[in-house]
Amino acid sequence: MSRILSYVIGAVVSAVLHVGVIVALWANWQPSSETVYLQPKYVVAELVQLAPRAPGVSKEKKTSVTSDQLARKKKRQLEERERKRRADKRRDDAEKAALAKRKKRQDEERAALEKRQLEERQRVEREQQQAEWEDMLAQEEAQMDAQEDQRAANSYRQIIQQRLSENWSRPPSARRNMEAQVRIQLVPTGRVVGVSIIKSSGDAAFDRSVEQAVRKAHQFIELQAMDSRLFELKFRSVDVAFSPEDLRL
Amino acid sequence: MSEENLSILSLILNASVLVQAVMAILFLASAISWVMIIQRGMYLSAAQRDFRQFEETFWSGIDLNSLYREISEQQEENVAPTGIENIFRAGFGEFNRLVRLEKPDPDAVIESTDRAMRIALSREEESLGTHLPFLASVASVSPYIGLFGTVWGIMNSFRGLAMVQQATLATVAPGISEALIATAMGLFAAIPAVIAYNRYAALAERMNTSYETFADEFSSILYRQFHAR
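Going down the list, the protein sequences come from chains A and B.
Just so you know, the working numbering puts 81 at position 73 of the first sequence, and the rest follows in order with no gaps.
Just so you know, the working numbering puts 135 at position 124 of the second sequence, and the rest follows in order with no gaps.
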């Protein structure tokens, strides 16, 4: 009798306990904690353009410029011819006048000469202007090329930077304001042929880790796509600065 | 990941079937073990109390025959005799029966009384120890069951991780959290069971020793009584 009673009491207490736990869970009881979920916010910079810009584009521009130029030149020549013809006519008139009025001839002749001289001077000036214009054009083109190079170089730099930072394991002794600069010697296949530290961070482990990172990167295979002019210009040897916050080229 | 999706209950409900089964087993084990814990606790404390009371009346110099009668009357009124009363009744009843015989052999009487009491004692020992093996197995096994659920859950969550491209902490965290609930439940079931088992086993052992001591003492009293005649 009392044994059964004790079982019943046990069952009731146990049921109450467990139902209580379930209810607590249901009511989403949790030890008061503010859960803050920190998710890494990645800004993934993707390389949109790897190859130096297709030469077709810039060429097109060039041809359009030249055709423009040609038209202008032609126009100018025409004008000049016209002017010349007019001048000739005037000269003829002057001669006629000289014939007619010998008295005034010398004056007239002088005037014509002056005029011719003036014209000549004008023409020279104009030619100079045109030369200047052409120079400017050439300069602009060179600048555009340089920009192009710069852009391509930047994209390659980015690749190198990314690869190096992937391979770099920062030593525990790294501090925020440390910086080590290395010079990487590359060959056109993208292979690293030499690493030398040109500015030590002052921490041997840090320097070693930097060197290790470059050695681990081993080859930047993407550099094979680069044209050799740019490579010789900028990527034969690359200086990279490593600092714990980021990795700068 | 919103807060709502990470409440423990929703994690349980979203867990895989095997993990849920593990959790259900553990929950059931916990519920049953609590029934046992409470029942045992009540039974053992009652036995302890009764033993103390009985000893008090026994050593107060009461007439053993009237004590025996009282207990027998109680039993007729359908009040269950306590452990110590059972032993006393078995021994004293046997003794009375044998003494009433003509020319009882003292050795045989004492031996027979002892035997009767030993039988009652072993019965009491049995009833003191009931359910304790269950508590012991819940205590020792449920952490393993929980661990199994956790390992399974984490295994699945890592398998899922292998299939995604960009693995962040947020992709594995819910799975692991869900899996860890199984371990938590295992511990939830095991800890009370361990404590209860240790406590009750010690208590049962002590009660047993007390009963045995009483049986010996009682036997020696009967022996004296028999020879004093």
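Hints in this document: simulated from the structure, not taken from any laboratory.
In this text, all values refer to a predicted model and were calculated from it rather than measured experimentally.
Cβ atoms here follow ideal geometry from the backbone N, Cα and C, with glycine treated the same way.
You may find that some hints are simply not true.
Stated by the list, open to error - Computed, partial: chain B to chain A, Cβ under 10 Å: (1) Phe38; (2) Met47; (3) Ile48; (4) Ile49; (5) Gly52; (6) Met53; (7) Tyr54; (8) Phe199.
Taking the hints in turn, this is what the structure says about them:
{"no.": "1", "hint": "Phe38", "in the structure": "holds, 7 Å"}
{"no.": "2", "hint": "Met47", "in the structure": "holds, 7 Å"}
{"no.": "3", "hint": "Ile48", "in the structure": "holds, 7 Å"}
{"no.": "4", "hint": "Ile49", "in the structure": "holds, 4 Å"}
{"no.": "5", "hint": "Gly52", "in the structure": "holds, 8 Å"}
{"no.": "6", "hint": "Met53", "in the structure": "holds, 4 Å"}
{"no.": "7", "hint": "Tyr54", "in the structure": "holds, 6 Å"}
{"no.": "8", "hint": "Phe199", "in the structure": "holds, 8 Å"}
Comparing the model with each numbered hint stated earlier shows that all of them hold.
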